[in-house]
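*Asks:* Here is what each chain is made of, one letter per residue.
Protein chains: 2
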Amino acid sequence: MNAGLSDIDIGVRSIAERARAASRAVVAAPAGARSLALKGIARALRSRAGELIAANALDLERAAAAGLDQPMVDRLRIDQRAVDRMIEGVLQVDTLPDPVGEITELRTLPSGIQVGRMRVPLGVIGIIYESRPNVTVDAAVLCLKSGNACILRGGSESIESNRAIADAIAEGVDGTGIPSDAIQLIATTDRAAVGALLRQDGLVDVIIPRGGKGLIERIVRESTIPVIKHLDGVCHVFIDVSADAAMAVNIAINSKTEKYAVCNAMETLLVHRARAGELLPELARRFAAAGVELRGCESSRCIVPAMKIATEEDWSAEYLGPILAVRVVDDLGAAIGHINRYGSQHTDCIVTNDLAASRRFVTEVDSASVMVNASTQFADGFEYGLGAEIGISTNKLHARGPVGLEGLTTRKFVVYGQGEVRKR
Amino acid sequence: MNAGLSDIDIGVRSIAERARAASRAVVAAPAGARSLALKGIARALRSRAGELIAANALDLERAAAAGLDQPMVDRLRIDQRAVDRMIEGVLQVDTLPDPVGEITELRTLPSGIQVGRMRVPLGVIGIIYESRPNVTVDAAVLCLKSGNACILRGGSESIESNRAIADAIAEGVDGTGIPSDAIQLIATTDRAAVGALLRQDGLVDVIIPRGGKGLIERIVRESTIPVIKHLDGVCHVFIDVSADAAMAVNIAINSKTEKYAVCNAMETLLVHRARAGELLPELARRFAAAGVELRGCESSRCIVPAMKIATEEDWSAEYLGPILAVRVVDDLGAAIGHINRYGSQHTDCIVTNDLAASRRFVTEVDSASVMVNASTQFADGFEYGLGAEIGISTNKLHARGPVGLEGLTTRKFVVYGQGEVRKR
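If you read the sequences in order, they're chains A and B. Going by my numbering, 160 is the number at position 160 of the first sequence; the sequence numbering is gapless. For my numbering, add 1000 to where a residue sits in the second sequence, where the first one is 1.
One chain only, chain A, in its complex shape (with noise of 0.2 Å):
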């Protein structure tokens, strides 16, 4: 029956087939159910603490013996703090309005049939992230909190940490009405079983991937799952010729230096001609004072000749780092035009006074998040008010984004009837 697959394979199959089955009972469960298994996720989080903490240790000695870098173990770590902030998201989760069972737009067509669409969860979910134990938590409660079922799987780092989550959280769901299998931890740290995971089509219903760019390509390429995701977040921030000076500084310095390692930074500001003489010096001095190195096209190191130059590449590089590219356009067309040519569809601001310009910029630029006078930075499900986010999507297909709850979600149509036949 099974020749051909490894252990690893039929492994990872009943991991995936018992998901299914287990989608099926969430979906089923009385009312109330998801919502007393956050609760007692929270409470054994609660009463675990200790144990989390101590096999986090364990990770840690590992990381460290292996020489990982210390902003990666520090990133690994799990304190009492770090405990507290998970309970505190699950609990701020189970807030959240119920977003499974909606139904809208139902209306009676001619033929007498009412149509509508109710919202109803995907199914089941496989999360494949890097490091931070703390997905672990997040992930798994958003899934449930949107009814479906879900496979995590961690990176071999947090191994221990993530085994003692999955413990605690086990220990949660336990006597709720949700089963156990509804959230599931692949335990084994071989890498063949990520491979195994991204095959399961028909039991699993798509792939969420966490993690860097090297990863998320691995995912995309193997899968035969549909993968929600984001690779680059190449964002603009266009100066136009009406924009306010003050602001349009403000905004750039923010969102670039807010923070450096985001996928919502700025990483190339575009800056409208006529205005370019008048902040490009400003604005080298506050980037040059905030550490940040410019690179600028030819027109741009006219006006501030200590720039770099930057190469063809630099236009669809991103940093995530104190690197700048900085191009002068003649127009709101040219800037338009540079963004959906060099840009990865992520997120895009303008700073304008200008309404025509700001509905124009708004229509044409092709992106998940498109920006009038704010910073890119805040390119994020809770600024969003999304409640919680489980990623950004730079998809077109469904989540595109930020991906809070409702983009674990799907719609079916639901047809309410008096007997009604149809005549062709």
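Check the hints yourself; a few may be wrong.
Claimed, not checked - Negatives, chain B to chain A, calculated, CB over 12 Å:
| # | residue |
| --- | --- |
| 1 | D1009 |
| 2 | S1035 |
| 3 | L1058 |
| 4 | A1064 |
| 5 | V1073 |
| 6 | Q1080 |
| 7 | T1095 |
| 8 | R1132 |
| 9 | K1213 |
| 10 | R1301 |
| 11 | E1312 |
| 12 | Y1319 |
| 13 | R1424 |
Stated by the list, open to error - Selected chain B positions facing chain A (in silico; Cβ < 8 Å):
| # | residue |
| --- | --- |
| 14 | S1047 |
| 15 | P1226 |
| 16 | S1375 |
| 17 | Y1416 |
| 18 | Q1418 |
Quick caveat, the hints were computed from the structure, so don't treat them as lab data. A virtual CB, placed ideally from N, CA and C, is assigned to each residue, including glycine.
Please build the complex by placing chain B on the supplied structure of chain A, with the hints as guidance.
*Replies:* Just chain B, lined up with the frame of chain A:
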């Protein structure tokens, strides 16, 4: 530069690049341009009806010479009535509400930014279809109405008709502000062109195949672009214990026999054990009169011994013809379990007068359309009031069920600020 690329690859890439540029132009076009183009297409189809019918005659001749069977030839045929129907379809799409540009859920968040969601075109849509040349018009106008550019690839049997239709579309669009590259036909019959189109990710946003299962399976396998598809329509009707007898029989008969070769036809009938003795003989008589062969489970055959024996394969068979699988089930839970296990998540119906049963069925059956007391043959974009239909999707992500104009769009976030910056 183009080492390893065939002429076909280069040609298709060039079409895709022009489509991408045209998709930007459609979004940037003045309000009303798309409507002008639709009216222009209707006008050109009317004035070129003679050329269309003449071109179609060449396809019909070739089909006859190649020995295509009569139903295939009939599906190919364009006469004056067919042209009139095409024109009517174009004008009807023109009257539908514009799905693009709507901004919803605009809220002011605690930071002061306003965040909303704007409905926008997907971008470039590749349509791959067989046989019926009217798809060339239908698909083109739905894509244009929703602000997309499209690349059309029809079957080789209808190449002359498709070229003539494409010429008429180009004439109709001319001078309206919509670039002619917004609707392009791949005019070669070389099959390699399909493969080349399926690799244009980055330029083509989604592929929609219309045709037989073989075509769709090939496309799903080869495409590196997301595919909106449906593979199977294994639809069920479940007659619950509380069903009205006459309604149950009517719905079962209509769901199967109104049309056989459609994806929303019933393929398996499930009957509650408590009603089987009463209803199966009557159903068997009615189906026999309609010429439908029944294949039953053991319990069914105890009641109607004339039924053939259903095998395990019958439960997942899509007959698309006058054959029906019949199974007696113990209760509602068993019916839901059967449907979720053997069905294709397309369209499934319960006939019941029990409110709790209908609610449970609607909640737990994991299909694109879930119906209560209505024929499965209603699963259709027009019957659902979508105004149009480009296909039916059994995907869970993005569009699910009948896909109308909304399924050809996506939503981006729009953010309006007054200079807000983020403080973490």
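*Asks:* With reference to the structure, classify each hint as holding or not holding.
*Replies:* Now for the hints, and whether the structure bears them out:
1. D1009: holds, 20 Å
2. S1035: Per Cβ check, B/S1035 is outside 12 Å of chain A; nearest 17 Å; holds.
3. L1058: B/L1058 clear of chain A: closest Cβ-Cβ about 31 Å, beyond 12 Å.
4. A1064: Nearest chain A Cβ is 28 Å from B/A1064, so the label holds.
5. V1073: holds, 22 Å
6. Q1080: holds, 22 Å
7. T1095: holds, 16 Å
8. R1132: Consistent with the label, B/R1132 stays out of reach of chain A, its closest Cβ about 17 Å off (over 12 Å).
9. K1213: Per Cβ check, B/K1213 is outside 12 Å of chain A; nearest 16 Å; holds.
10. R1301: holds, 27 Å
11. E1312: At about 16 Å from chain A, B/E1312 clears the 12 Å cut-off, so the statement holds.
12. Y1319: For B/Y1319, whose nearest Cβ neighbour in chain A is about 19 Å away, the distance exceeds 12 Å, so it holds.
13. R1424: Label violated. Min Cβ-Cβ 6 Å, cutoff 12 Å.
14. S1047: Hint on B/S1047: violated, closest Cβ of chain A at ~31 Å, above 8 Å.
15. P1226: holds, 5 Å
16. S1375: With a minimum Cβ separation of about 4 Å from chain A (threshold 8 Å), the hint on B/S1375 holds.
17. Y1416: holds, 5 Å
18. Q1418: holds, 6 Å
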